[in-house]
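Number of protein chains: 2
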Amino acid sequence: MAPPVLTPQADDFPRWYQDVVAKAELAETGAARGTMIIRPWGYALWERVQSELDARIKATGHDNVYFPMFIPMEFFEREAEHVEGFSPELAVVTHGGGKELTEPLAVRPTSETVIGDAMSRWIQGYRDLPMLLNQWANIVRWELRPRLFLRTTEFLWQEGHTAHATWEEAQAETIRILVEVYDDVIRNVLAVPSLRGRKTEAEKFPGAEATYALEALMRDGKALQMGTSHHLGQNFAKAFDITFSDENGKTQHAWTTSWGMSTRTVGGLVMAHGDDRGLRLPPKVAPVQVVVLAVKDDTVEAAGNLMARLVAAGVRATVDDRTNLGFGRRAVDWELKGVPVRLEVGPRDLEAGHATLVRRDREGKDTVGLDGAAASVATLLEEIQTAMLTEARRRRDDATIDVESADDIDGPGFFRIPWDRLGVEGERRLAERGYTVRCLLTPDGEIPAPDTAELVAYCAKAY
Amino acid sequence: MAPPVLTPQADDFPRWYQDVVAKAELAETGAARGTMIIRPWGYALWERVQSELDARIKATGHDNVYFPMFIPMEFFEREAEHVEGFSPELAVVTHGGGKELTEPLAVRPTSETVIGDAMSRWIQGYRDLPMLLNQWANIVRWELRPRLFLRTTEFLWQEGHTAHATWEEAQAETIRILVEVYDDVIRNVLAVPSLRGRKTEAEKFPGAEATYALEALMRDGKALQMGTSHHLGQNFAKAFDITFSDENGKTQHAWTTSWGMSTRTVGGLVMAHGDDRGLRLPPKVAPVQVVVLAVKDDTVEAAGNLMARLVAAGVRATVDDRTNLGFGRRAVDWELKGVPVRLEVGPRDLEAGHATLVRRDREGKDTVGLDGAAASVATLLEEIQTAMLTEARRRRDDATIDVESADDIDGPGFFRIPWDRLGVEGERRLAERGYTVRCLLTPDGEIPAPDTAELVAYCAKAY
Numbered sequence: 001m002a003p004p005v006l007t008p009q010a011d012d013f014p015r016w017y018q019d020v021v022a023k024a025e026l027a028e029t030g031a032a033r034g035t036m037i038i039r040p041w042g043y044a045l046w047e048r049v050q051s052e053l054d055a056r057i058k059a060t061g062h063d064n065v066y067f068p069m070f071i072p073m074e075f076f077e078r079e080a081e082h083v084e085g086f087s088p089e090l091a092v093v094t095h096g097g098g099k100e101l102t103e104p105l106a107v108r109p110t111s112e113t114v115i116g117d118a119m120s121r122w123i124q125g126y127r128d129l130p131m132l133l134n135q136w137a138n139i140v141r142w143e144l145r146p147r148l149f150l151r152t153t154e155f156l157w158q159e160g161h162t163a164h165a166t167w168e169e170a171q172a173e174t175i176r177i178l179v180e181v182y183d184d185v186i187r188n189v190l191a192v193p194s195l196r197g198r199k200t201e202a203e204k205f206p207g208a209e210a211t212y213a214l215e216a217l218m219r220d221g222k223a224l225q226m227g228t229s230h231h232l233g234q235n236f237a238k239a240f241d242i243t244f245s246d247e248n249g250k251t252q253h254a255w256t257t258s259w260g261m262s263t264r265t266v267g268g269l270v271m272a273h274g275d276d277r278g279l280r281l282p283p284k285v286a287p288v289q290v291v292v293l294a295v296k297d298d299t300v301e302a303a304g305n306l307m308a309r310l311v312a313a314g315v316r317a318t319v320d321d322r323t324n325l326g327f328g329r330r331a332v333d334w335e336l337k338g339v340p341v342r343l344e345v346g347p348r349d350l351e352a353g354h355a356t357l358v359r360r361d362r363e364g365k366d367t368v369g370l371d372g373a374a375a376s377v378a379t380l381l382e383e384i385q386t387a388m389l390t391e392a393r394r395r396r397d398d399a400t401i402d403v404e405s406a407d408d409i410d411g412p413g414f415f416r417i418p419w420d421r422l423g424v425e426g427e428r429r430l431a432e433r434g435y436t437v438r439c440l441l442t443p444d445g446e447i448p449a450p451d452t453a454e455l456v457a458y459c460a461k462a463y
Numbered sequence: 001m002a003p004p005v006l007t008p009q010a011d012d013f014p015r016w017y018q019d020v021v022a023k024a025e026l027a028e029t030g031a032a033r034g035t036m037i038i039r040p041w042g043y044a045l046w047e048r049v050q051s052e053l054d055a056r057i058k059a060t061g062h063d064n065v066y067f068p069m070f071i072p073m074e075f076f077e078r079e080a081e082h083v084e085g086f087s088p089e090l091a092v093v094t095h096g097g098g099k100e101l102t103e104p105l106a107v108r109p110t111s112e113t114v115i116g117d118a119m120s121r122w123i124q125g126y127r128d129l130p131m132l133l134n135q136w137a138n139i140v141r142w143e144l145r146p147r148l149f150l151r152t153t154e155f156l157w158q159e160g161h162t163a164h165a166t167w168e169e170a171q172a173e174t175i176r177i178l179v180e181v182y183d184d185v186i187r188n189v190l191a192v193p194s195l196r197g198r199k200t201e202a203e204k205f206p207g208a209e210a211t212y213a214l215e216a217l218m219r220d221g222k223a224l225q226m227g228t229s230h231h232l233g234q235n236f237a238k239a240f241d242i243t244f245s246d247e248n249g250k251t252q253h254a255w256t257t258s259w260g261m262s263t264r265t266v267g268g269l270v271m272a273h274g275d276d277r278g279l280r281l282p283p284k285v286a287p288v289q290v291v292v293l294a295v296k297d298d299t300v301e302a303a304g305n306l307m308a309r310l311v312a313a314g315v316r317a318t319v320d321d322r323t324n325l326g327f328g329r330r331a332v333d334w335e336l337k338g339v340p341v342r343l344e345v346g347p348r349d350l351e352a353g354h355a356t357l358v359r360r361d362r363e364g365k366d367t368v369g370l371d372g373a374a375a376s377v378a379t380l381l382e383e384i385q386t387a388m389l390t391e392a393r394r395r396r397d398d399a400t401i402d403v404e405s406a407d408d409i410d411g412p413g414f415f416r417i418p419w420d421r422l423g424v425e426g427e428r429r430l431a432e433r434g435y436t437v438r439c440l441l442t443p444d445g446e447i448p449a450p451d452t453a454e455l456v457a458y459c460a461k462a463y
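Quick note, the sequences are listed as chains L and H, same order. Using my numbering, the letters of the first sequence correspond one by one to residues 1 to 463. Using my numbering, the letters of the second sequence correspond one by one to residues 1 to 463.
It is possible that some hints are incorrect.
Copies of the same chain are indistinguishable here, so a pair counts whether it falls within one copy or spans any two.
[To be verified] Calculated lysine-lysine pairs in the DSS-like style (CA-CA distance at most 30 Å, straight line):
1. 99 - 204
2. 58 - 365
3. 204 - 58
4. 222 - 204
5. 58 - 296
6. 284 - 58
7. 238 - 365
8. 365 - 204
9. 461 - 250
For the record, the hints were derived by calculation from the structure and aren't laboratory data. All values derive from a computational prediction rather than experimental measurement.
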């Protein structure tokens with residue numbers, strides 16, 4: 001076996017993260033400050049997230065569109081909270097085609113403004129509602145302390161934008177996206193259990209009436225926001241004049257929502273499951289679910305046949321027949337990349353009519369008969385998917401502690417405290433020590449309704 | 001029937017194009033000058049193109065990646081032709097995070113420079129070659145006379161970037177992409193027949209050794225470049241120091257290629273097939289291949305059942321049950337949107353046990369028995385796909401004229417003239433009259449090898 005290549009998590013978690021992102025060839029820093037080059041393995045993970053999300057966004061009735069990334073500065077000034085929130089983060093184009101522009105253009109930090117402007121033209125009557133749009137796009141928010149995937153000046157995301165006839169319909173949309181689209185992908189594909197809750201006033205999106213979020217726990221005990229869904233009330237409808245004629249012919253302002261999930265999720269996937277040997281990928285998000293490793297030249301053909309049978313059974317499998325490289329080095333490399341199952345085919349395996357099976361999610365080796373391999377591996381992948389979610393949930397639950405006072409909030413993990421005991425002032429004081437209220441839930445752990453009186457705050461340090 | 005909504009092509013083709021793009025709700029102008037909002041129907045077309053292209057790009061061994069869109073200005077200055085070609089079109093970010101930047105950033109007009117810079121780090125030895133990368137991205141080139149899809153300041157595309165050990169391998173890649181990826185999609189999915197040829201020196205990509213292109217004829221007799229593939233020689237490898245150690249341990253510069261296809265293709269699809277009633281979509285690129293139109297309330301259920309059987313047979317079908325709207329208006333709208341097959345289900349159709357079938361690609365109505373409808377419609381869609389390509393090829397061939405002298409080049413269509421008769425000077429004079437050499441082919445209509453002496457120039461006015 002090759003020597004360990006990563007800084008151990010327990011020694012220095014941020015350093016471990018840097019190491020694994022670099023050595024598993026997920027991404028690296030771009031030439032322009034704060035930007036990121038996403039390499040093939042990292043992009044393949046993002047493509048898996050994209051395709052799972054896109055299918056659910058379409059299944060819930062949304063149409064994909066594309067809006068320009070250049071936004072007239074004037075658009076931002078129409079919604080007071082919005083401009084205040086985003087102005088410090090804008091990148092501004094001042095020159096185009098060799099000339100200075102008469103009006104500078106912002107590079108989109110989010111698209112509520114341009115989409116609101118279009119909706120005001122596209123929506124006339126109640127029959128045009130709901131209008132359910134989504135776009136896949138790059139986004140720019142100037143970052144002073146960039147970290148690959150987690151906080152980069154440019155990142156990739158999808159942003160949904162919808163308009164509705166009533167507050168209730170906008171509320172239903174906001175929650176549907178959080179639960180049926182985002183959490184379904186994050187929990188059931190990425191195997192990351194999240195808290196589903198509402199943000200405090202201090203943490204909500206600039207211009208929103210309410211922000212709902214998914215908050216997951218990383219292996220260092222810090223929280224990461226995995227996706228957000230905003231009820232925008234009539235704020236943007238009023239700023240951009242999105243009105244419709246209702247069934248009685250009366251003109252009303254629409255109610256809008258917006259929601260986004262980004263390449264940051266890939267960072268969350270790495271930090272929620274990774275260990276000292278590298279990534280650990282849940283099968284559903286793994287670009288390669290099974291690698292068949294030909295140990296020697298004379299097992300290359302058998303390894304290829306096994307791979308072909310796996311592919312025919314619907315498994316994303318590949319063969320590693322680089323027998324010019326040492327076996328140990330290749331095994332370590334696939335572990336680093338997080339492939340869920342490794343099947344080793346050596347001369348003695350072939351003699352015994354089996355392959356040696358190594359799961360990435362736990363220790364130990366097993367064997368699987370070559371004959372029934374495809375079917376049993378397909379079943380095993382489902383087991384691994386479930387096991388990884390269970391493990392992550394247990395880790396999260398073990399790190400969730402009830403406290404009576406803000407003074408007890410100290411260390412890794414989630415701290416549960418009644419919101420009326422913490423309050424806005426307590427929240428402000430926590431912030432001074434680097435802790436934030438990640439979200440508010442009901443005492444039963446449910447998403448609170450707007451009028452829910454009894455709320456529990458989940459506090460943590462966060463990325 | 002509703003009154004005609006489009007300017008007839010024969011009256012004013014550019015106006016017809018504007019009309020159809022607006023009325024079929026493909027796209028509209030964005031708030032920032034020269035930009036474009038791609039609406040759901042237009043974006044659905046682009047998604048079809050994307051998925052067909054992406055599958056072929058992956059099948060030929062390329063990995064998807066993502067590079068930052070902000071490029072330090074200094075990168076452009078390393079390749080002399082490249083900076084000269086792109087400088088006039090750059091958009092420049094001078095402010096970020098509320099401060100003036102010490103070095104301004106260009107918004108990518110293409111990514112040879114940033115990808116070349118990364119390749120110089122990623123490629124060490126001959127075993128790292130070929131390196132086959134692709135990215136899906138937005139691109140900015142400042143446009144003085146924007147036209148939706150055809151020329152917009154921001155557009156969407158994929159750009160492939162590869163590095164190879166030898167000139168021959170780079171040449172094979174350049175041609176493989178043109179033929180097996182681009183032309184396969186444009187001819188066999190978009191049903192648009194293209195000329196496949198080489199660009200003249202005057203028309204090639206800034207920084208390329210040779211540019212190969214697909215040139216298609218629009219219905220007004222003008223040409224549109226549908227995709228390009230560039231052999232970059234060692235120009236970028238030398239500018240960005242992309243070297244590798246060969247099998248003998250000797251350091252050599254790599255040979256690189258790049259190639260791109262963009263949202264412009266959607267404009268080409270519109271202009272190659274559209275008629276005075278709107279779009280005409282080949283089935284393989286149609287987001288909806290069959291619309292089942294319920295004529296009256298009491299045929300809504302039967303229409304829904306028929307749609308379900310079509311979907312089960314793998315047809316992209318939808319039902320139009322908006323019986324509150326007039327039948328004629330709905331029929332005209334689906335024709336405008338270009339859906340290949342309309343099945344009308346009215347009370348008399350049901351009585352007769354059939355649906356009325358209307359093909360978008362030709363005049364006339366037919367009937368199809370409800371029982372075997374799914375299978376016969378699936379077969380019909382293949383027939384329509386072939387018929388549309390045949391029709392477009394005949395139109396192109398009819399509009400291709402052999403001429404003996406540059407003076408005879410006048411009017412719509414392609415003009416074939418031996419390149420040694422036209423020459424660089426003839427090309428220059430043609431340009432003064434608005435004609436360009438679209439590409440050079442062999443006398444047999446093949447892609448010329450670099451040393452082919454006998455070349456035929458295809459000249460046309462172009463978008």
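These are the hints, each one checked on the structure:
1. 99 - 204: between (39 Å within a copy, 26 Å between copies)
2. 58 - 365: Neither: 41 Å inside a copy, 33 Å across copies.
3. 204 - 58: For residue 204 and residue 58, the Cα distance is within 30 Å only inside one copy (26 Å; across copies 40 Å).
4. 222 - 204: within (19 Å within a copy, 53 Å between copies)
5. 58 - 296: between (46 Å within a copy, 28 Å between copies)
6. 284 - 58: both (19 Å within a copy, 20 Å between copies)
7. 238 - 365: Neither: 62 Å inside a chain and 49 Å across chains, both beyond 30 Å.
8. 365 - 204: neither (47 Å within a copy, 57 Å between copies)
9. 461 - 250: Neither: 48 Å inside a copy, 52 Å across copies.
In summary, the structure is inconsistent with hints 2, 7, 8 and 9 from the numbered list given earlier, while agreeing with the others.
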